[in-house]
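> With the hints as extra help, turn the sequences into a complete structure.
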Amino acid sequence: MIFDASTLPLPLRLRADLCVIGSGPGGAMAAMVAAEKGLSVVLLEAGEFLTPADMVQREEVMFPLLYWEGGGRTTKDRGIHIHQGRGVGGSSLHNLNLCKRIPSEVLARWRETRGLSTLPPATWDELYREVEALLAVSEVPRSMWNRHNLALEAGARALGWAGAGLSHNRTGCIGSGYCEVGCSYDAKNNAAKVLIPRAVKAGAEVLTRCQAIRVEHKGGRVRGVVAAALDAATRKAIGEVFIEAGRVCVAASATGTAAILIRSEIPDPSGETGNTLRIHPAVVAAGEFDEPIYAWRGIPQTFECTEHLEFDRDDGHRSWIVTAFAHPVGTSTLIPGHGASHRALMERYAHLGAFTAMLHDHTAGRVRPDGDFGVSIEYWPDEADRRELAHGLWACARLLVAGGARRIIIPSRPPRFYNANESIEDLREFSIELGALDLTAVHPMGTVPMGDDPKRSAVDSEGKHHHMEGLWVADGSLFPTSIGGPPQLSIYALGLHVGRALSR
33 MIFDASTLPL PLRLRADLCV IGSGPGGAMA AMVAAEKGLS VVLLEAGEFL TPADMVQREE
93 VMFPLLYWEG GGRTTKDRGI HIHQGRGVGG SSLHNLNLCK RIPSEVLARW RETRGLSTLP
153 PATWDELYRE VEALLAVSEV PRSMWNRHNL ALEAGARALG WAGAGLSHNR TGCIGSGYCE
213 VGCSYDAKNN AAKVLIPRAV KAGAEVLTRC QAIRVEHKGG RVRGVVAAAL DAATRKAIGE
273 VFIEAGRVCV AASATGTAAI LIRSEIPDPS GETGNTLRIH PAVVAAGEFD EPIYAWRGIP
333 QTFECTEHLE FDRDDGHRSW IVTAFAHPVG TSTLIPGHGA SHRALMERYA HLGAFTAMLH
393 DHTAGRVRPD GDFGVSIEYW PDEADRRELA HGLWACARLL VAGGARRIII PSRPPRFYNA
453 NESIEDLREF SIELGALDLT AVHPMGTVPM GDDPKRSAVD SEGKHHHMEG LWVADGSLFP
513 TSIGGPPQLS IYALGLHVGR ALSR
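Take any residue in the sequence shown, note its place counting from 1, add 32, and you have its number in my numbering.
Everything hinted at is true.
Here are the simulated EDC-like pairs of lysine to aspartate or glutamate, each with C-alpha atoms no more than 16 Å apart in a straight line:
id : residue 1 : residue 2
1  : Lys108    : Asp470
2  : Lys268    : Glu80
3  : Lys132    : Glu158
4  : Lys225    : Glu80
5  : Lys132    : Glu164
6  : Lys69     : Glu237
7  : Lys108    : Glu410
8  : Lys268    : Asp36
9  : Lys132    : Asp157
10 : Lys496    : Asp484
11 : Lys487    : Glu304
12 : Lys108    : Asp402
13 : Lys268    : Asp402
14 : Lys69     : Asp49
15 : Lys132    : Glu162
16 : Lys250    : Glu276
17 : Lys225    : Asp86
18 : Lys496    : Glu304
19 : Lys250    : Glu297
20 : Lys496    : Asp485
21 : Lys233    : Glu68
22 : Lys132    : Glu171
23 : Lys225    : Glu164
24 : Lys268    : Glu101
25 : Lys250    : Glu501
Simulated DEER-style distance windows between Cβ atoms:
id : residue 1 : residue 2 : range
26 : Ala382    : Pro301    : 52 to 58 Å
27 : Ala382    : Leu466    : 29 to 35 Å
28 : Glu92     : Glu272    : 31 to 37 Å
29 : Gly271    : Ala85     : 27 to 33 Å
30 : Asp485    : Glu92     : 46 to 52 Å
31 : Ala190    : Arg345    : 21 to 27 Å
32 : Leu40     : Ala382    : 47 to 53 Å
Just so you know, these hints were derived from the structure itself, not from any lab. The beta carbon of each residue, even a glycine, is placed where N, CA and C say it ideally should be.
Written out as structure tokens, the structure is:
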């Protein structure tokens with residue numbers, strides 16, 4: 033069953049074979065597998081349990097419900113906005129449902145540098161096939177591509193740049209375009225819709241509004257999880273919850289998982305925990321088109337440009353380019369200017385589009401706990417990554433012009449505007465400095481990277497902690513590097529892999 037911890041008698045003490053922290057793709061999958069294998073499972077989720085009826089398609093209502101810090105989470109220096117999901121289903125509630133496997137070149141590099149003895153190519157392929165079938169993954173039909181994505185495709189084709197359609201995990205989608213604020217039509221085959229019901233049917237208990245604080249351990253073995261029930265209105269702690277469990281699986285995202293492990297003083301001789309954060313930092317260029325393109329309508333992302341995404345060479349470009357548009361509140365924060373100039377641009381809302389370049393980053397950031405509940409994120413791209421971000425910004429601008437935009441808008445400080453017939457070559461040398469251009473990130477990963485060597489990694493390739501008996505990790509924290517594309521499919525796959533391992 034699903035229980036709201038804020039309504040239960042407190043303090044609360046429960047006992048289970050397994051306690052899972054986090055109900056996103058990794059945690060929900062691990063919980064489902066374990067419950068169906070016969071383990072008693074308690075799953076903790078800091079956010080709320082939301083149904084499609086709760087998804088009211090309004091930014092000011094849904095962002096506080098679906099995103100950590102209301103969508104306002106940033107790095108410590110406020111240079112990068114990091115969007116992370118909360119609620120039963122985690123980021124699968126608000127993400128754009130893109131499903132893409134990790135490139136073979138990346139997996140080969142992982143095997144070369146980290147071992148990963150339980151994850152040969154055949155195992156990855158089997159895991160992906162199972163997840164793709166479970167989530168009904170399919171190519172987005174071209175009939176559902178909106179004008180925004182067609183403009184990106186047109187730009188890529190005009191330039192002769194590589195690109196292709198994307199796959200997703202939706203069934204019965206009507207193309208409302210409100211994916212990032214939750215689906216009112218229950219078309220997302222996500223963790224909340226597919227995995228949690230099966231876990232509950234198999235006997236798992238889900239506690240919502242229950243924030244994990246630390247993993248209790250003694251003598252090198254876990255004893256359980258200390259958590260707090262959160263008030264429904266204030267989200268402040270109102271009472272302690274303790275789950276006694278001989279097995280604990282932490283799947284609280286790459287930021288939350290690292291923070292919990294560090295706060296819990298889990299030993300890690302490798303020193304990697306919390307020190308190897310990657311985030312796919314992104315730049316955005318906007319374009320104004322003569323004809324309305326209604327970028328907010330339809331499936332948000334259906335085409336990718338991969339011309340500048342090279343996995344087979346160390347000195348290659350590393351930008352994954354897709355459309356990036358938002359509803360009015362989000363767009364108003366992207367569009368530069370104040371007063372009349374800002375209003376004039378917003379009045380052209382129907383004519384605006386935006387492309388984003390997400391970086392397959394090499395920079396290693398840092399995560400630390402901030403008090404009992406919070407996280408502190410330190411990340412600013414190194415010089416090589418900043419050069420690549422500038423290249424990605426230039427590529428987005430070129431695609432916009434080739435796709436039909438009459439004017440390019442760079443939301444920098446000060447903003448830059450280019451008419452379609454003007455040179456944009458200076459963008460190649462754009463200086464990505466703190467405060468000059470807002471960066472965004474939606475894919476934190478890699479803070480507890482898996483590896484076979486206990487001296488060089490905290491967890492093995494089944495997510496099992498090398499230095500703490502009974503402890504596993506099952507989320508994007510496990511990635512040894514960034515992956516250069518949407519991570520959810522691979523997190524589901526690792527959740528399946530870890531779930532089977534911890535159920536043995």
